[in-house]
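Let the sequences and hints guide you as you build the complete structure.
Heads up: the protein sequence lines correspond to chains A and B, in order.
According to the working numbering, the first sequence is numbered sequentially starting from 1.
According to the working numbering, the second sequence is numbered sequentially starting from 1.
Check each hint, because a few of them may be wrong.
Said to hold, decoys possible - Not close to chain A: a few residues of chain B, all C-beta gaps over 10 Å, as computed:
1. GLY4
2. PRO46
3. GLY282
Claimed, not checked - Negatives, chain A to chain B, calculated, CB over 12 Å:
4. GLN5
5. LEU10
6. PRO65
7. MET99
8. GLY132
9. ARG141
10. VAL206
11. THR213
12. ASP231
13. GLY262
14. ARG269
15. LEU275
16. ARG284
17. HIS294
As the list claims (entries may be wrong) - Covered stretches of chain A (chain B as the covering partner; in silico rule of three or more C-beta atoms under 8 Å from a C-beta of chain B):
18. 27-36
19. 101-115
20. 134-140
21. 150-163
Everything labelled a hint here was simulated from the structure, so no lab data went into it.
Please read all numbers here as calculations on a predicted model, not as lab measurements.
Heads up, the beta-carbon is just placed ideally off N, CA and C, and yes, glycines get one too.
2 protein chains.
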Amino acid sequence: MTKGQLDTYLASRRREIDAALGRFLGPAAGRPASLTRAMRYAVLGPGKRLRPVLALAAAEAVAGPRGRRQALGPGCAIEMVHAYSLAHDDLPAMDDDDMRRGRPSLHVKFDEATAILAGDALLTDAFALVTGLARRAPASRVLGVVREIAGAAGSTGMVGGQIEDLAQQGRARGRIAVVRRIHDRKTGALLRASVRVGAVAAGADVRALRYLTAYGEAFGLAFQIADDILDEVADVRTLGKPGGGDREAGKATYPAVLGLEGARAEVHRVAAQGLRAIARFGTRAAPLDALLRHVVDRAA
Amino acid sequence: MTKGQLDTYLASRRREIDAALGRFLGPAAGRPASLTRAMRYAVLGPGKRLRPVLALAAAEAVAGPRGRRQALGPGCAIEMVHAYSLAHDDLPAMDDDDMRRGRPSLHVKFDEATAILAGDALLTDAFALVTGLARRAPASRVLGVVREIAGAAGSTGMVGGQIEDLAQQGRARGRIAVVRRIHDRKTGALLRASVRVGAVAAGADVRALRYLTAYGEAFGLAFQIADDILDEVADVRTLGKPGGGDREAGKATYPAVLGLEGARAEVHRVAAQGLRAIARFGTRAAPLDALLRHVVDRAA
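So, in structure tokens, the structure goes:
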């Protein structure tokens with residue numbers, strides 16, 4: 001897939017995902033209008049929709065267009081979980097970020113109570129969305145999707161990573177093993193789950209799921225190292241903040257430990273593993289392949 | 001069931017529930033110890049465990065002791081969801097309560113960030129707990145439990161009720177219809193779901209589920225009216241706050257609209273409906289029967 005083909009693919013998938021999210025978050029009997037507005041603001045603003053795109057692409061690798069349709073609901077549920085986590089992370093008691101994706105963050109646009117509750121609602125409704133899919137899919141498969149999301153987002157996944165991240169802040173330069181463990185849960189777990197949820201929703205067998213899990217693992221890690229590299233080399237214009245900020249803040253980053261070139265080599269090494277894992281799916285995995293190569297390009 | 005028999009029943013069920021909650025919230029690989037401590041503090045403190053008790057009692061009505069064992073996990077999941085909602089409701093941005101059940105509330109004992117995240121983790125892990133039950137129960141039944149909890153707790157249930165409750169505060173005396181709608185979602189939905197989850201977990205058929213739903217509906221409403229009555233008549237010693245506080249705060253309460261005797265008559269009328277709904281289960285429903293009669297006695 002060329003860069004142009006990937007862009008076309010992404011634009012088309014994002015349209016599909018945003019339309020579905022708009023439906024799932026439409027007015028609902030018994031949901032106060034102010035809550036609906038806050039939930040939509042948190043989810044439907046600008047964003048790459050990377051997680052649902054990964055879910056759709058993984059489902060396509062397993063079962064083509066039929067798989068993609070089956071993964072649309074689960075992918076949207078993951079995006080709602082992602083949006084909830086950003087809304088809560090931005091709260092004054094947490095990272096205290098006033099801006100998110102170039103707009104006021106949720107608690108600034110509305111208020112703190114609404115931001116907490118809209119986050120709670122997005123997390124809970126994500127599970128309600130998934131259970132609604134049982135009308136068209138086997139219960140065991142739908143339950144598998146619930147299990148993936150709950151496992152990746154809960155106390156041993158995303159929330160655990162965020163607690164440890166807050167505890168690390170302000171400490172002397174952390175060890176790379178600690179940073180890797182935090183990011184593995186805080187970011188990696190949900191990226192991996194996005195791929196796995198798409199695969200499970202499309203009915204992947206044990207073997208296919210194992211290969212796609214290896215891809216998801218590699219994707220999450222490459223994504224994180226690339227982010228560290230971007231932070232190191234980007235100038236103010238690109239990221240909107242001074243480069244190297246993470247390193248100056250005393251966080252252990254991959255470039256700080258491996259050097260810039262070492263970190264780039266690590267992205268290549270990890271990505272190569274991920275690409276090998278999906279080679280067996282042939283052209284059906286072309287979008288997954290292009291998505292991971294795109295992460296490598298960002299780090300170059 | 002006499003009062004003494006009910007007390008013995010409650011004590012025995014609470015022991016069973018607390019032991020199970022202690023296991024579910026034991027140390028877990030990948031969960032930071034500070035998060036485990038906060039989650040246990042939120043769930044395992046003093047408390048009536050009313051919601052899991054209702055789940056167990058409903059399951060007993062459907063399938064005796066076997067049903068009760070099947071409802072233990074789902075009942076604990078509901079208690080975790082209840083504990084998360086209390087932790088978030090107590091936050092400074094919400095009801096700003098420093099005390100809960102005679103102890104410092106979660107954000108006072110730990111800090112705000114921990115209280116938000118421990119709440120998030122309890123909600124998410126409740127779903128993980130339920131999916132883990134699929135090893136021993138049919139997937140469709142386990143999925144039914146997930147659906148009940150997500151529906152009762154989400155944007156059209158508990159969270160929606162809390163948003164509307166916050167919006168009502170400080171307004172002139174609300175209409176009874178509004179208050180009833182808020183409480184129906186904020187408190188009633190999860191009580192009703194507790195009964196339904198127990199029934200579903202024990203394999204209730206459509207008819208049994210309908211009768212138990214009517215019971216759960218009646219229980220939630222009677223519970224709320226009894227609470228209003230208690231608030232109206234209790235002195236400082238009993239409730240730890242001046243009686244009639246809700247009415248003075250401008251909230252529409254049942255006694256304010258119906259008068260004290262009218263409200264008591266309403267509790268009797270609603271409870272009688274609930275008791276009729278479960279008569280067909282015979283002695284297996286004795287605990288459900290005694291629990292609802294206990295609510296009526298509290299209001300006397």
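Check: Are 3 or more residues of the stretch 27-36 of chain A near chain B, judged by a Cβ distance of less than 8 Å?
Finding: n = 8 at 8 Å, threshold three: holds.
Next item on the list: Over 12 Å to the closest beta carbon of chain B is the bar; see if A:ARG269 clears it.
Entry: Non-interface label stands for A:ARG269: nearest chain B Cβ at 25 Å, farther than 12 Å.
Margin query: Is the claim that A:ARG141 lies outside the interface with chain B correct, judged by CB distances over 12 Å?
Written below: violated (8 Å)
Notebook entry, point to check: Looking at A:GLY262 again, its CB stays over 12 Å from all of chain B?
Noted result: holds (28 Å)
Check: Any Cβ of chain B at or closer than 12 Å to A:ARG284, or is the non-interface label fine?
Finding: The assertion about A:ARG284 holds, with a minimum of 27 Å to chain B.
Notebook entry, point to check: Beyond 12 Å from every Cβ of chain B: is that where the Cβ of A:LEU275 lies?
Noted result: The claim stands: A:LEU275 keeps its Cβ more than 12 Å from every Cβ of chain B (closest is about 28 Å).
Note to self: Just want to verify: A:VAL206 was marked as not at the interface with chain B; is every Cβ pair farther apart than 12 Å?
What the structure shows: About 16 Å separates A:VAL206 from the closest Cβ of chain B, which puts it past 12 Å; holds.
Check: Given as covered by chain B, does the stretch 150-163 of chain A meet the bar of three residues or more with CB within less than 8 Å?
Finding: holds (count 11)
Notebook entry, point to check: Would B:PRO46 pass as off the interface with chain A, using Cβ distances and a cut of 10 Å?
Noted result: holds (23 Å)
Item checked: Cβ separation check - A:LEU10 to all of chain B, threshold 12 Å -> holds (29 Å)
Checklist line | Whether A:GLN5 stays farther than 12 Å from all C-beta atoms of chain B, as the label says | finding: The claim holds: A:GLN5 sits with its nearest Cβ about 37 Å from chain B, beyond 12 Å.
Notebook entry, point to check: According to a criterion of three or more residues whose C-beta lies within less than 8 Å of a C-beta of chain B, is the stretch 134-140 of chain A covered?
Noted result: This one holds; 4 residues, not fewer than the three required, reach chain B with a Cβ under 8 Å.
The structure is inconsistent with the numbered hints 8 and 9, although it conforms to all the rest.
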